[in-house]
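All chains should be built: construct the whole structure from the sequences, respecting the hints.
According to the UniProt record's numbering, the stretch in the sequence shown is residues 1 to 401, in order.
Hints are computed from structural coordinates only; laboratory data are not their basis.
Each residue gets a CB set at the ideal place from its N, CA and C atoms; glycine is no exception.
Any given hint could turn out to be false.
Think about it this way: if two alpha-carbon atoms lie no more than 25 Å apart in a straight line, the pair counts; the simulated DSS-like pairs of lysine-lysine are [claimed, not checked]:
(1) Lys255 with Lys324
(2) Lys96 with Lys14
(3) Lys92 with Lys14
(4) Lys261 with Lys162
(5) Lys92 with Lys17
(6) Lys163 with Lys261
(7) Lys96 with Lys162
(8) Lys311 with Lys324
Restraint-style ranges between C-beta atoms, simulated for each label pair [to be verified]:
(9) Val387 with Met175: 29 to 37 Å
(10) Ala79 with Val230: 49 to 57 Å
(11) Ser341 with Met175: 44 to 52 Å
(12) Trp299 with Gly18: 37 to 45 Å
(13) Ala294 with Phe239: 22 to 30 Å
(14) Ile181 with Ala244: 32 to 40 Å
(15) Ala78 with Phe179: 23 to 31 Å
(16) Lys163 with Ala78: 26 to 34 Å
(17) Leu256 with Ser124: 31 to 39 Å
(18) Ser80 with Leu376: 53 to 61 Å
(19) Leu145 with Leu368: 29 to 37 Å
(20) Asn317 with Met20: 50 to 58 Å
(21) Leu236 with Ser342: 45 to 53 Å
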Amino acid sequence: MPAYQYSAIDANGKQHKGLMDGDSARQIRQQLRDQQLTPIQVEPVLDQNKSTKFGFFQKTLSAYDLALMTRQLSVLIAASIPLEEAIRAVAKQSEKRHVQSLLMSVRSKVLEGHSLAQALQQSSSFPSLYIATIAAGERSGHLDLILDQLADYTENRYAMQKKVQGAMIYPIILMLMSFAIIMGLMTYVVPDIVKVFANTKQALPWITQVLMVSSDVIRTFWPYMLVLSVIFLFLLTRFLRTSAGHYTLDRLILKLPLIGKLSRGINAARFASTLSILTQSGVPLVDALKIGAAVSSNWVIRDAVNIAAEKVTEGGNLASQLEKSGYFPPMMVQMIRSGESSGELDRMLQRASDMQDREVTSTITTLLALLEPLMLVFMAAIVLVIVIAVMLPIVNMNNLI
Numbered sequence: 001m002p003a004y005q006y007s008a009i010d011a012n013g014k015q016h017k018g019l020m021d022g023d024s025a026r027q028i029r030q031q032l033r034d035q036q037l038t039p040i041q042v043e044p045v046l047d048q049n050k051s052t053k054f055g056f057f058q059k060t061l062s063a064y065d066l067a068l069m070t071r072q073l074s075v076l077i078a079a080s081i082p083l084e085e086a087i088r089a090v091a092k093q094s095e096k097r098h099v100q101s102l103l104m105s106v107r108s109k110v111l112e113g114h115s116l117a118q119a120l121q122q123s124s125s126f127p128s129l130y131i132a133t134i135a136a137g138e139r140s141g142h143l144d145l146i147l148d149q150l151a152d153y154t155e156n157r158y159a160m161q162k163k164v165q166g167a168m169i170y171p172i173i174l175m176l177m178s179f180a181i182i183m184g185l186m187t188y189v190v191p192d193i194v195k196v197f198a199n200t201k202q203a204l205p206w207i208t209q210v211l212m213v214s215s216d217v218i219r220t221f222w223p224y225m226l227v228l229s230v231i232f233l234f235l236l237t238r239f240l241r242t243s244a245g246h247y248t249l250d251r252l253i254l255k256l257p258l259i260g261k262l263s264r265g266i267n268a269a270r271f272a273s274t275l276s277i278l279t280q281s282g283v284p285l286v287d288a289l290k291i292g293a294a295v296s297s298n299w300v301i302r303d304a305v306n307i308a309a310e311k312v313t314e315g316g317n318l319a320s321q322l323e324k325s326g327y328f329p330p331m332m333v334q335m336i337r338s339g340e341s342s343g344e345l346d347r348m349l350q351r352a353s354d355m356q357d358r359e360v361t362s363t364i365t366t367l368l369a370l371l372e373p374l375m376l377v378f379m380a381a382i383v384l385v386i387v388i389a390v391m392l393p394i395v396n397m398n399n400l401i
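Here it is, written out as structure tokens:
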């Protein structure tokens with residue numbers, strides 16, 4: 001029984017919107033009339049999703065929505081509630097209309113005879129890791145356990161994302177305020193102070209001359225600088241969206257001293273966690289490697305994992321191939337080698353994932369803790385340069401007197 005999204009008005013002219021199940025749009029309109037509502041619009045959820053797939057303002061499934069939905073579905077499936085009823089209950093529990101529509105469309109596909117993984121895949125809103133893991137759970141008959149693992153994974157991912165976002169708020173505000181203060185000093189304060197020395201025959205220190213020239217340039221050309229900055233950012237964004245731009249940025253990130261190490265750690269943790277979940281779910285290693293490569297945010301590392309998957313298909317050793325790439329920590333490679341030798345690869349992958357997660361969390365916490373004082377030091381250094389440039393001519397004049 002497909003789901004329909006309706007819009008109707010009551011006798012007082014108040015508009016009502018929601019989702020209803022029915023065999024046809026005509027049946028939905030009749031149900032609305034039985035409720036003393038006048039139907040305005042009734043559309044199948046699936047058709048509506050397809051029509052807005054390429055819309056500019058399309059709402060996507062956030063990490064929070066995915067984590068919450070997975071946990072709720074895991075609890076209901078573990079309680080032996082039928083799948084289609086569990087999906088319907090989760091849809092009604094959500095307060096977001098686009099999440100409700102997405103889940104009801106998935107439920108419609110399940111009622112038509114599709115598996116949950118097939119229904120999720122047709123919606124084009126779920127990660128490949130998510131779909132592959134659920135497909136493995138359905139094949140093994142342990143969907144409740146797989147959903148529980150997925151719930152832990154998505155919740156940890158959301159928690160890390162919120163932690164980073166929350167920790168970045170203060171440094172970003174501080175950076176913007178520092179930039180605004182420096183621009184204000186250079187545009188309004190410095191010219192009024194240094195113009196006292198402009199008509200004097202005294203030789204000004206080089207730092208004062210540089211400050212005066214910089215102030216004049218900013219005051220004269222700031223509109224052009226702003227326009228050029230916007231154009232540069234636009235062109236840079238367009239370039240980074242291309243394959244060549246993406247590869248260029250990823251290679252640059254990996255070469256940076258501290259950022260590169262952090263990027264390798266994050267991708268290694270994500271890869272190990274993904275591979276652990278998939279192997280525990282019964283997904284073949286080669287398929288798990290391809291999915292693990294797809295979830296990597298760095299395309300250079302993604303290509304390295306794909307090459308490793310091809311070598312494993314030919315009979316190669318996974319740990320050796322990952323070690324050749326040079327993008328994975330030696331400790332993690334050694335743990336994978338040990339897991340392959342002992343036949344406990346899934347357990348060793350889980351340990352490697354936990355180890356990498358702790359290391360990445362520690363690194364991010366340290367960097368974010370250092371970012372705030374570094375921003376303060378940077379701002380203080382700029383202000384100090386301005387003060388020195390202003391005070392040096394005054395000191396020289398006093399010496400001459």
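Would you mind confirming whether the straight-line C-alpha gap from Lys261 to Lys162 stays at or under 25 Å?
Distance of about 21 Å is within 25 Å: holds.
Does the hinted range 29 to 37 Å hold for Leu145 and Leu368 at CB?
35 Å, holds
Hint check: Lys96 vs Lys14, CA-CA at most 25 Å. Holds or violated?
Given pair Lys96, Lys14 holds - Cα atoms ~20 Å apart, limit 25 Å.
Look at the Cβ atoms of Leu236 and Ser342 and judge whether their distance stays inside 45 to 53 Å.
At 48 Å between Cβs, range holds.
At the C-beta level, are Leu256 and Ser124 separated by a distance inside 31 to 39 Å?
The hint (31 to 39 Å, Cβ to Cβ) holds, given that Leu256 and Ser124 are roughly 34 Å apart.
Verify the proposed pairing of Lys255 with Lys324, using a straight-line Cα cut of 25 Å.
17 Å, holds
Do the beta carbons of Ala294 and Phe239 sit within 22 to 30 Å of each other?
Given a distance of about 23 Å, which is inside 22 to 30 Å, the answer is holds.
Take the C-beta atom of Ser341 and the C-beta atom of Met175, compute their distance, and say whether it sits inside 44 to 52 Å.
49 Å, holds
What's the verdict on Lys163 and Lys261, does the C-alpha distance respect the 25 Å limit or exceed it?
Cα-Cα ~20 Å, so holds.
Lys92 and Lys14 were given as a pair; does the straight-line alpha-carbon distance stay at or below 25 Å?
22 Å, holds
Range hint 49 to 57 Å (beta carbons of Ala79 and Val230) holds or violated:
54 Å, holds
Would the hint linking Lys311 and Lys324 be met if the CA-CA limit is 25 Å?
12 Å, holds
Checked against the numbered hints listed earlier, the structure breaks hints 9 and 15; every other hint is satisfied.
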